[in-house]
Amino acid sequence: MSEQTAEQGTEAREAASAVPEDAVDEVAAAAPVEDAAEALAAERAEKLSTAPKADDSIAVPRLGGLGMLRWMWRQLTSMRIALVLLFLLSLAAIPGSILPQNSIDPTKVTSFFAAHKTWAPILNKVQLFDVFESYWFGAIYCLLFISLVGCIVPRTWAHFKAMRAAPPTAPRNLKRLPVHASFTTAADAEEILKLAAKRLKGRRFKAVRGTDKAGGWISAEKGYLREIGNLLFHLSLIGILIGVALGHFLGFKGAALVTEGSGFSDTPLGYASLTLGPEVSTQKLPDFSFTLNKFSASYQESGDQFAQPRTFDAYVTFKATQSSKPQNVDVQVNSPLTVNGTNVFLEGHGYAPVVEVKDGAGHVTYDGPTIFLGQDEFFDSSGAIKAPARTKGGTDLGFQGWFLPTAFVQSGQMPASVFPAAQNPMLILSAYSGDLNMNGGAEQSVYSLDTSKLKQLDVKSPTANADSGNALELKVGQTATLPNGLGSITFVGVKNWAQFNIAYDPGQKVVLPAAILAVLGLIGSLGIRRRRVWVRVSEQADGTRLVEVAGLARTEGATPTAEVTQTAQALAAAVRQPAPDGASA
Amino acid sequence: MSINQTFAHYSNLFIALSLVGYAVAFFAYCAEWAFGTNSRFGRTVEKVGRQDAKKAAATADATVVRQAKAPAVESINASDGGNGVTVLTRAVAEDEEPTISNGNLRAELFGRFAVLVSFIAFAFHFAGVLCRGLAAHRVPWANMYEFSCAAALAMSFAYLVLLVLRKRVRWMGLPVTAIVLLTLGIAYTVLYTDAEELVPALHSYWLYIHVTAAVISTGAFGVATVATILYLLKSANEEGALPRLSSTLDRIPSSVALDRTAYRVIAFIFPLWTFAIMAGAIWAEKAWGRYWGWDPKETWSFIVWVVYAAYLHARATHGWKGKAAAYVALAAFACVLFNYFGVNTLLTGKHSYAGL
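Protein chains in written order, with my numbering: chain Z, 519 to 1103; chain L, 780 to 1135.
A few of these clues could be false.
Unchecked claim - Partner residues aside, some chain Z positions facing chain L, computed with beta carbon under 7 Å:
hint, residue
1, M597
2, L607
3, D822
4, A1086
The set of hints was computed from the structure by calculation and includes no laboratory data. None of the values given here were measured: they were computed from a predicted structure. Idealized CB from N, CA, C, for every residue including glycine.
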């Protein structure tokens, strides 16, 4: 044991990685021929030699297949490569936060495609809209985890051995250690060593005793938990990865838009979107259902946070299974509804204007709420109402436009909503007739019309605001008659809708404990100091004994100055036969 | 519960007063640094000495001359071991401890005055944050204005705690006060928003846990960054660069001590940052139905975490110790700043509450 300080505690990993790296450096240094004369000589030698030409450009030792693999493995598990991979991982995550992501908001990706016609397909090719599911991101963290395993497993074994081994023999000259305390005493050496051992063991040092030419000594070490914490942290990261994978394979998540008064049952049809893990079949969806009775929201009505939401409540009646008793719950943003491990979260909300559409003959062709999607903080909402004809081949009616919860109409300006709550609701709709193309092959958005086979109607009323364009303006209770005897539309009222996210993730049961262990491991790994303390008792010429206590940090900045001083003081106080003061130290 | 306007008013008043206080402290620290430079006479002597040294040893490296000034590294301490025995302790001194005032009385007085004013400003600052909480009946760090005030308070607190613990950290006073002043100034002028109730997404006790951990981590990472920047300057100076700053940099601790301070703060706070992210994930699971969704704030918190992890690894790797690791720490703090200002203003995500 030499007497350096922090450097002494170099990580096992580094030591392990130093070997191949040095080897590489040597090869690298040897390969390029620096001197001109040497180059000439080498050239000549090369001409004479029948050996295959060595590639000077890459500093890879020629080791054959197995050796090459071993070299690569050592490189991968070295701290340097781990560092590089960490940097790569952080760099790779950046585009995922800047570019729109399919996993977070696919509509934004669509609009990005529309805005950047040349760039978007190129970015898409390299999976920049699916960064966190991309091959290259996966490759980085897979390599990182392989590197981690390759480093942690040997370290675990090494630490297991270190914990079983006795602390190393005391150095001859304790004075050369960073902290050293000494006193002289007439007390018996055996007694001092016994006391010292007792004290150190009482402070949970691992201590051994020994004797050499200079006298008896005690070697003690403490802080093994530091490395255990370090290993625990890294192993927990693997646990988190396993949990994430489990959740991916065994879980599912979906979203459902439910209007007040209507219900949701957990079948694929009930979802607006549904992502099932590869190991989940639609039959395995839990058998629950619920009805949204009422949704209420409140907003800030004054000040510089005007229109900020304050409360959202979705009053829901749910049945855990088809046969179980219905129960009432208030689902809020931070209090989801939990049914047999599946959670139902309140994610968003909006307005669904209720309209009644009649055809030219006065028959009702559409009656009910239509979900409009809010586009801004004041819930200017866009949507489409589709009223197919009662008979095949008849004239379909379609409307698309805006719902404004609190309409503010001012001449010279487009009407717009000025508050998110429905205080002065208004519909501004363009009207179409013809064929809605709903039986066409392609799937249609419910929030917009396919106007390819539709003809826009001239519905501009003389009283309506000139700036709405060719559109109907309807307030609750108002009816507009369509031109050419095509029918009418009545704005009956307003309902709320709520978006529920429904998620089941069994991986959480692994991820959470692993994450807690990771934090505990980190605290141990960064907080515990590993250090050694030695006590040496040696006979002096005048018949007294010199007691020396010395310490060494095995981790940076952990020099046990106080521990050594206090041990020396306690020993001095405890021995029964003090030597007279002023004895040589 | 409605907003208590009286408390809200006093909160703003106290924050304004603390701004004034920090500004005064800042100028007093500046005066301490300025008066602490060696007197003109001293400077001249030093200059002449250096020239002589250069002449005397034209081949000798200038750094050797500078290194010669380093104090002895050992301290010997005799203590009473009881029973009439003297215990002699000999230890390698952990840091040399120069002072900013450099023994100049005027500088020392300004330094002490600055510390006094720092405490007063901190008291106003604390009162301001407290009143904000009392006004809104909740923790006062739920939007960018409040978070900035609280993070600045955490930073100020960390510095003053070290002072109270009789650590010699007055060299931190100037940079810490500057950052606190800047943060608080931006908060007060640009980010200000009235005390109001919370948006539904924040109606959770996780606000107390997750955001508190994030506030403390951010403040502490700021302190570590101050030490890292000073470390880089000091170590460059110790190698002979930046000769114009020598008289200033001579008065801050050695590069080894600065590096260790930065490391200790980061090593202490990294688990807390990990916990902050974890608590955020638990909250996200409760509020949004998934514990991790690569929302911009989540992504950048992850990036910050990975870069600080890289710093901790770099510090244990040959060839990366010292300056390289320090640059990694600076990059990490740049990510902290972007995670706060950039993500909140430039990117849209789920972490946008009350405007900002």
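Exercise for the section: Sort out which numbered hints this structure fails and list those numbers smallest first. Expected result: none
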